[in-house]
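**Student:** Numbering (the working numbering), first residue to last: 2 to 161.
Please keep in mind that the hints were generated in silico from the structure rather than gathered at the bench. Where hints are given, some of them may not hold.
Within a straight-line C-alpha distance of at most 25 Å, the following computed DMTMM-like cross-link-like pairs (lysine to aspartate or glutamate) qualify [what the hints assert, rightly or not]:
| hint | residue 1 | residue 2 |
| --- | --- | --- |
| 1 | 144 | 115 |
| 2 | 96 | 115 |
| 3 | 73 | 83 |
| 4 | 138 | 75 |
| 5 | 9 | 75 |
| 6 | 138 | 88 |
| 7 | 124 | 83 |
| 8 | 73 | 88 |
| 9 | 73 | 115 |
| 10 | 138 | 115 |
| 11 | 96 | 83 |
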Amino acid sequence: MISRKTIKKFSLFCGVGLALLLGFFIFEAAESRPLSAQVVEEEPLSTEETQDDAPDILEKRQGRAYVTIKVKDDTWSRVRVERASLEGRRIRLQKRPNIFGQRGTLNARLAPGEYTVRWTVTKPAVRGHRITLSFRKTFTVSKRSNRVTVVINGQNATVY
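Using the sequences and the accompanying hints, generate a full structural model.
**Tutor:** The following block contains the structure:
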């Protein structure tokens, strides 16, 4: 006959295993589902330039590379990303980061070519003032690329 102590140990073991498995699936679901994959059109710089004239780079078709852009704030140096865009298309940013530190994500299929990501950050200065800085990073999507990931972390951007 099985003792109560053995049954309690087994039920504790199963409970911990079930909790870990559930946590893993929640983590995977959060990583695969973008929080802010909505693209908001940026305002044109002049009245002659409209978004209708711009090529639709976010069109999803076969034979294009899957590009992911992740936007995070640099919490150590208190740098906050205010806005980000890919080739004139704004990436919607949440006010607060999720549990993984991301404030915005953009997923798209892009044709081979050269693309530019632009972002603006604010960082603390003397006596409560903030400094606004703009950055850009150019990356290339080759014909052989299946997946390109750009991670913007405050003032730095890394292309994988």
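**Student:** Are the hints correct? Go through all of them and say.
**Tutor:** Now for the hints, and whether the structure bears them out:
Distance check on the hinted pair: residue 144 and residue 115 sit about 11 Å apart at the alpha-carbon level, within 25 Å; holds. Between residue 96 and residue 115 the CA atoms are separated by roughly 30 Å; this puts the pair beyond 25 Å, and the hint is violated. Proposed proximity of residue 73 and residue 83 is supported: the alpha carbons are some 11 Å apart, at most 25 Å. The straight-line distance between the Cα atoms of residue 138 and residue 75 is roughly 17 Å, inside the 25 Å bound, and the hint therefore holds.
At most 25 Å may separate the alpha-carbon atoms for a hinted pair to count; residue 9 and residue 75 exceed this at roughly 45 Å. At most 25 Å may separate the alpha-carbon atoms for a hinted pair to count; residue 138 and residue 88 meet this at roughly 11 Å. The hinted pair formed by residue 124 and residue 83 meets the criterion: a straight-line CA distance of about 10 Å does not exceed 25 Å. Taking the CA atoms of residue 73 and residue 88, the gap is about 19 Å. The hint holds against a cut of 25 Å.
Note on residue 73 and residue 115: the hinted pairing holds, with a Cα-Cα distance of about 23 Å set against a maximum of 25 Å. The hinted pair formed by residue 138 and residue 115 meets the criterion: a straight-line CA distance of about 10 Å does not exceed 25 Å. Distance check on the hinted pair: residue 96 and residue 83 sit about 9 Å apart at the alpha-carbon level, within 25 Å; holds.
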